[in-house]
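2 protein chains.
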Amino acid sequence: MKNVMDVSKNSIIFERCSIRNFSEKEILRSQIEDIITAGMQAPSARNERPWEFLVITSEEGKEKIASIGPQASCCENAPAIILALANLSRIPNGSPWWIQDMSACIENMLLRTVEIGMGGVWLGIYPRESRVEIIREKFFLKDNIVPVAAVPIGYPLEKRTRKNVVQTERISWEEQA
Amino acid sequence: MKNVMDVSKNSIIFERCSIRNFSEKEILRSQIEDIITAGMQAPSARNERPWEFLVITSEEGKEKIASIGPQASCCENAPAIILALANLSRIPNGSPWWIQDMSACIENMLLRTVEIGMGGVWLGIYPRESRVEIIREKFFLKDNIVPVAAVPIGYPLEKRTRKNVVQTERISWEEQA
Chain A
1 MKNVMDVSKN SIIFERCSIR NFSEKEILRS QIEDIITAGM QAPSARNERP WEFLVITSEE
61 GKEKIASIGP QASCCENAPA IILALANLSR IPNGSPWWIQ DMSACIENML LRTVEIGMGG
121 VWLGIYPRES RVEIIREKFF LKDNIVPVAA VPIGYPLEKR TRKNVVQTER ISWEEQA
Chain B
1 MKNVMDVSKN SIIFERCSIR NFSEKEILRS QIEDIITAGM QAPSARNERP WEFLVITSEE
61 GKEKIASIGP QASCCENAPA IILALANLSR IPNGSPWWIQ DMSACIENML LRTVEIGMGG
121 VWLGIYPRES RVEIIREKFF LKDNIVPVAA VPIGYPLEKR TRKNVVQTER ISWEEQA
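The listed protein sequences correspond, in order, to chains A and B.
Anchor point for the first sequence: position 111 equals 111 in the working numbering, and the numbering is continuous, going up by one each time.
Anchor point for the second sequence: position 155 equals 155 in the working numbering, and the numbering is continuous, going up by one each time.
Chain A extracted, bound-state conformation:
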């Protein structure tokens, strides 16, 4: 199978990579709103739109998030962290799609950071119960609010060049099945 990467890729999708080291350059509240608004354009099953967001910018708040584990230590040097929350009260009884909706929302936010010259990383919280409990307790979240991920954002400290992953062996074509 031919290598698909000979297609030109001038695209945020192919530029995005996980950014964990941030410069001290300030980010604006309007930029944070812009990134979250991009998240809210994600598709949502039956238009349930379960998402809510808590923006953390204080040192104390960043330390709270960093306490979920070593992988979250990057939060301490980020100018802001977006907590992506699912409000289960917005979801009809038994509807099973909310985690997929939330994930599309988070990916949109990460892509938007790239589009405006910034970067970020997806730190999973739900369904790790210990992480959910830490965040719920430290930020006084109600029982109907599920913290799904923390997304520290800011200007990358270094320019990183992404190596795109091409694994055409992951693709099957019906006619070959």
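Please note: incorrect hints may appear among the correct ones.
Said to hold, decoys possible - In silico BS3-like pairs for lysine-lysine, Cα to Cα no more than 27 Å straight-line:
id : chain 1 : residue 1 : chain 2 : residue 2
1  : A       : K9        : B       : K159
2  : B       : K142      : A       : K9
3  : B       : K9        : A       : K25
4  : B       : K25       : A       : K9
5  : B       : K9        : A       : K159
6  : A       : K163      : A       : K25
Hints listed in this document are in silico derivations from the structure and should not be mistaken for laboratory results.
Position chain B against the provided structure of chain A, taking the given hints into account.
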């Protein structure tokens, strides 16, 4: 809170909308590969990369997917359908992140369709057990393969203009908490 939409939005994220009616214009195999490759650039917890893909282009195959329910009838007029599959054999025991990885992958694919002038829609399969069983049976998927979503793709029959959703009331700021 000010309306964040006064920021300029020349962006696939803000252009994407669900497309269910497709023109008869042919799409190329290289375009399908390109869209799937975009999916494979999604972030993945611990780089597990659970995704695999089955591309459906036959009338018989499209009818099989349409049989999961009325919301999938749009598959019959799509030139191709990408089945997004999670291969659980790629996931370490108990790792709970695969559905989020798959969702980011699917969103990337939908955004890439917009970027190359096409469109598509996210039809959820997992975790609806009845849909999973239909797809698993009709496409002879092994037990370790979970069909997560069907994504019919093609050129939109009509130009749709997306209404962006701005719900700044969904955003809380730490300092106000």
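Each hint, compared with the structure:
1. Note on K9 (chain A) and K159 (chain B): the hinted pairing holds, with a Cα-Cα distance of about 24 Å set against a maximum of 27 Å.
2. Taken as a hint, the K142 (chain B) and K9 (chain A) pair is broken in the structure, with Cα atoms around 34 Å apart against an allowance of 27 Å.
3. Between K9 (chain B) and K25 (chain A), the direct Cα distance comes to roughly 23 Å. Compliance with the 27 Å bound is thereby established for this hinted pair.
4. Proposed proximity of K25 (chain B) and K9 (chain A) is supported: the alpha carbons are some 23 Å apart, at most 27 Å.
5. Distance restraint check for K9 (chain B) and K159 (chain A): the Cα-Cα separation of roughly 24 Å lies within the 27 Å cut-off, and the hinted pair is therefore satisfied.
6. For the suggested pair K163 (chain A) and K25 (chain A), the alpha carbons sit about 26 Å apart, so the restraint of at most 27 Å is met.
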